[in-house]
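Number of protein chains: 6
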Amino acid sequence: MDLNSMTYVELEEQIKKTKIAILPIGALEAHGPHLPLGTDNYLAERLAQKVAEKIEAIVLPTFAYGQVWSLRNVAGSINISNEHLKAILVDIGTSIYKFGIRYYVIINGHFGNNVAIKEAARELYEKIPGLKVYYFFYPGVSHIIDEVRESEPLPGGYFHACEIETSYMLYLAPEHVRMEKAINDTPNLPEDFEYTPTPWDRVTSTVVMGNAALATKEKGEKIINAAIDNIVKILKKRLTTKEGV
Amino acid sequence: MDLNSMTYVELEEQIKKTKIAILPIGALEAHGPHLPLGTDNYLAERLAQKVAEKIEAIVLPTFAYGQVWSLRNVAGSINISNEHLKAILVDIGTSIYKFGIRYYVIINGHFGNNVAIKEAARELYEKIPGLKVYYFFYPGVSHIIDEVRESEPLPGGYFHACEIETSYMLYLAPEHVRMEKAINDTPNLPEDFEYTPTPWDRVTSTVVMGNAALATKEKGEKIINAAIDNIVKILKKRLTTKEGV
Amino acid sequence: MDLNSMTYVELEEQIKKTKIAILPIGALEAHGPHLPLGTDNYLAERLAQKVAEKIEAIVLPTFAYGQVWSLRNVAGSINISNEHLKAILVDIGTSIYKFGIRYYVIINGHFGNNVAIKEAARELYEKIPGLKVYYFFYPGVSHIIDEVRESEPLPGGYFHACEIETSYMLYLAPEHVRMEKAINDTPNLPEDFEYTPTPWDRVTSTVVMGNAALATKEKGEKIINAAIDNIVKILKKRLTTKEGV
Amino acid sequence: MDLNSMTYVELEEQIKKTKIAILPIGALEAHGPHLPLGTDNYLAERLAQKVAEKIEAIVLPTFAYGQVWSLRNVAGSINISNEHLKAILVDIGTSIYKFGIRYYVIINGHFGNNVAIKEAARELYEKIPGLKVYYFFYPGVSHIIDEVRESEPLPGGYFHACEIETSYMLYLAPEHVRMEKAINDTPNLPEDFEYTPTPWDRVTSTVVMGNAALATKEKGEKIINAAIDNIVKILKKRLTTKEGV
Amino acid sequence: MDLNSMTYVELEEQIKKTKIAILPIGALEAHGPHLPLGTDNYLAERLAQKVAEKIEAIVLPTFAYGQVWSLRNVAGSINISNEHLKAILVDIGTSIYKFGIRYYVIINGHFGNNVAIKEAARELYEKIPGLKVYYFFYPGVSHIIDEVRESEPLPGGYFHACEIETSYMLYLAPEHVRMEKAINDTPNLPEDFEYTPTPWDRVTSTVVMGNAALATKEKGEKIINAAIDNIVKILKKRLTTKEGV
Amino acid sequence: MDLNSMTYVELEEQIKKTKIAILPIGALEAHGPHLPLGTDNYLAERLAQKVAEKIEAIVLPTFAYGQVWSLRNVAGSINISNEHLKAILVDIGTSIYKFGIRYYVIINGHFGNNVAIKEAARELYEKIPGLKVYYFFYPGVSHIIDEVRESEPLPGGYFHACEIETSYMLYLAPEHVRMEKAINDTPNLPEDFEYTPTPWDRVTSTVVMGNAALATKEKGEKIINAAIDNIVKILKKRLTTKEGV
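Residue numbers (the UniProt record's numbering), protein chains in the order written: chain A, 1 to 245; chain B, 1 to 245; chain C, 1 to 245; chain D, 1 to 245; chain E, 1 to 245; chain F, 1 to 245.
Any given hint could turn out to be false.
Repeated chains share a single entry, so a pair holds when one copy, or any two copies, can fit it.
Below, in silico cross-link-like pairs of lysine-lysine (DSS-like), each with a Cα-Cα straight-line distance of 30 Å or less [what the hints assert, rightly or not]:
id	residue 1	residue 2
1	Lys-127	Lys-181
2	Lys-217	Lys-17
3	Lys-181	Lys-16
4	Lys-222	Lys-127
5	Lys-17	Lys-181
6	Lys-127	Lys-217
7	Lys-127	Lys-98
8	Lys-222	Lys-98
9	Lys-16	Lys-222
Note that these hints are calculated values from the structure, not bench results.
Quick caveat, the model's predicted, so the values are computed rather than measured.
Start from the sequences, fold in the hints, and give me the full structure.
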């Protein structure tokens, strides 16, 4: 069900069975000494695959380039502007609608992409009323996070390469985690951190925003599975109520 | 040497050894009943890997979305506008320069991307004089193609999912070729084909533009290896003459 | 200290004393049968004035036009696109920097403006390093809200013309509240409300998102004063540490 | 009839009676030592109110930010580009049409806004044929000005913070005039003033372009009332001939 | 001194003698039954040549495409948007500065171009401080027009294919005037003509806005020569005062 | 049949007979010591006239400003960006369709314009299905060139101010050729010339890219006449098959 490897003839067959396409989107961004630059890409891609196993859907190639403002001064970060990212997401939606997709499900692994994704979804809402766009960034999991978390959350809810995200990776892409390098480096955020543009290299030298050493596969599994369940539930409900497009 | 899987710490080490980053770029586009939609992605990605084996370079994640005008009416085609594609390529160049890359090598597997890539390269030429941008679309192979080709070339030099491109796939991504479905379907192009916008679905129903059945791994190997040699030669020359950036 | 009513000669005097300019920004948007369309404008404007009383600052004329996507189908909503709103905010910042302002404080009364404001702040961060941009939307008050609130919060944290916002108005602009028309109309939000574009007229006919009848001036006073204290604290800290621009 | 202070329910009632919305638009710009930076805002706003008293119309909040090129080097000037100003004016027109407005009357107090306003009107003319856009900048008063004026007009018809504009303020916003500071400072304009971009700070140090000391309330009243009469006459004629939209 | 016909070697010689380039710009637009669509092109081009005879200057090829909103519904009108026209004028200015031009003199034959030209001049003023941009549309001739005119001027000062413009053509491009078809067709303009977008085909069926039959070569000669004198005087003054760039 | 010199009444007559408009487009660009800067303008204009003699068509004024990246550092080059050039070409197409043109034939004399022209044609293809856009840059002449050429072609097929282009000029605009200055200056192109942005002033000091001294009128005539025949054949075929628009 991977668009990249299908022929157009096979796609025409699949489209008769499902109108859902899933786009995994992440970013390239420093994630501490223990996680790869493509952490958000691995997470989005594998989450998307797990969703696609539960609900018939075509999976688009992972979009590996995201909006990375806060960490753009650190090696390995590649930053696409919101404007350009939004434009590409609209182009993709426009094209897939043309060949029969009616549900465009964006599974996002990188917080910084949320603005561009929402803007793209709204633009498509006007432009193509027949296309329903969904966007998911680990939906409905905050209470599970509260439950499993052992470290203190940062004020403002920031998390990055921390106990939580490292746990996601231990569950979804363990071969890419250097757990022996996972450190605890919770920064003291300045009081105006949320209220004025602040590149993160000003507040952390390791780009870890929490205690990565506390991460476990089990924590990741719990949260990720809850996210998957929520995504599947929402998509299935929409389909069964036939409250279509 | 794959950017996606490195940590930022590892990247900082690599950057001391090489200033070259390779971006494989392709597209999703119908390629007949025997080749996958992502044909141009597979070709660009594997060609890039082969180049990177010969010349120390960091490989960026494949950009799987290209400019697909001519086949945009056929199932599976995803079309990014030239304007947006160019903008993203400039964003990527701007970011990689920031962390030390000085040679931005775009290996393209899809003809339709050439305009956006060249425009991006020229914009970066003005914007970042210290960044040298290269773009390669099977460079310097026309005489090899003439040599190995058994079918007649189409007027205007068009080729798509044909003897040549299928041969590339048989060499670089054979597991994705359904050779039993490879057909000969050379269309009669109208006389004004090159001189007025003409979506290809008007001239072919299979989107094969030649005789795919004549493809062999050997033909692909010969052409692709020549392309690789040319790319490597050009990059090496630049580096050894130290006619740097 | 109101820019509109000063002469340029008076401004030149003031600039010697303060480098802070406050821009109140709101929107025109339906706020139920009991609150005016300009609710967010009144709130931003009066909050700005109260801040300016505590910290020497020049107050710009209220920008009364905001990004109103969710309620754009209801009478009285005026919707400026994020792109245009951001552009204007950058223009204003560029101009005020030119005549000596070094702290551009945007006090926002309308949730929908947050994206454009943050984008503008980031653009100014690159463009004018000497200008420090702050953006405040009732900062640091969530625990006070939890304390005073009698009604249940909506899932997703949505609030609009409800117990809380009506309380703000009862404190800051009581002459514009028709309290006798304040109703309880907490909608049942569909499960995918946060995950797909949903104009609010699909979920509420009164555009009240909570129990407005529970609003009191005291609740508003408590929350608003906390917001003011936070804003003043952050601005003062920055100034006294002379961690200037 | 002030949109800011109405509820959406009240607006729905008003829309049954009138389809006219008036947008006052001015600018922040140095107006000499005797007039406030917001002179053009006060003039537009109060002129709009006087028109609205004579013809049933909804008055939008004053747009206080204009295109200020010529005086952008003088303290207090805030300059919005023509492109952005036009975009916002189109957004506003698009929104008010949606809730029933059919006549969008822009009352402008600042000469520099005329280009953006006309461009916006033309764009709306194409985009929304059902919306009639009017733009007024003291219409049809040149013969009255000639009649009351005691000072010599500047070549090219430039006027700013002069006998005429100060008279407008003495009539419409006298509480904001420091008449004791009103000076005569008629600059000698260079011969190419109209034919090449020339910031006004190059030709005047006070930004007064004439003899402000000759201003009187009576002169202002005469001209302004003529402008109001012309606006009302044009709007009424359109309405009575039912040569609607 | 015509750029089109010079070699680059000859240009390099000329640049040592003059830093002035003149761009004639007109439009294609209906001009009644007696004047060609390219009337504004002929006028601008020949006026430019006459100026260049009096003051050493390089003449660029005529830009024959202008902003034609008012007559865009009449056969033969070609309408370039203000935005695009401005962009091209900036591109031209940027290029000629690069090869040594320091005075970019735009001689305009079409009223509708004035906005784009002024905007372009202002953009170049910021972008290239060393380039001085002049724009002339029959400068300083209103009193001569008043003197020679036999017909009544239209309210608002509109003129098109009328006594005056036809006289210009009789002087500058008589071979293109069909004087036997010159008619008097002064339209009654509606009262709101200046205050709301009004395509001219709504008010005239011949697109003549006055009495073309009264045109004479002598009238044209008088006005055009005055315009030329003014242009030359302004340019010479600038050069002799060496108040250079 | 020249649009510039027709009245709108005459055009209305012509439109009954032909729906074809030809736009000649060239550029200002250094063409060696023997050819004028406007070489591409002369060629496009005269080629267009010859085509119009064979096929009834309206000829638009020559667009003399093109995309000149490679030679933009040499005196006399004027460079319009692809984006702006494309926009103008779309504006022109949109306008001529409005007055009845159905075939918009762009005859291009400058290689660098090809990208913008093709992009404009594609945009018009979507925007105005009833308008058929053709673009010709010496179509179908490569075998004739091979036949007449005495000098070796450059690798990559580059040609500029060389044997071939000079021959075109000797046939179409001989009065503008300084044949006594025609030189042979075939540059050695660096190996990466086609693969990275390279301004031509880096590889040639005369901007001649071949042996201009070998040019003859006869060679030019042969190639140009073949190009004309091809253009006419394609246009006629389209018209006679009535496979209209």
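For which of the previously enumerated hints does the structure constitute a violation, in increasing order of number?
-> Result: hints 1, 2, 4, 6, 8, 9 break, sorted rising.
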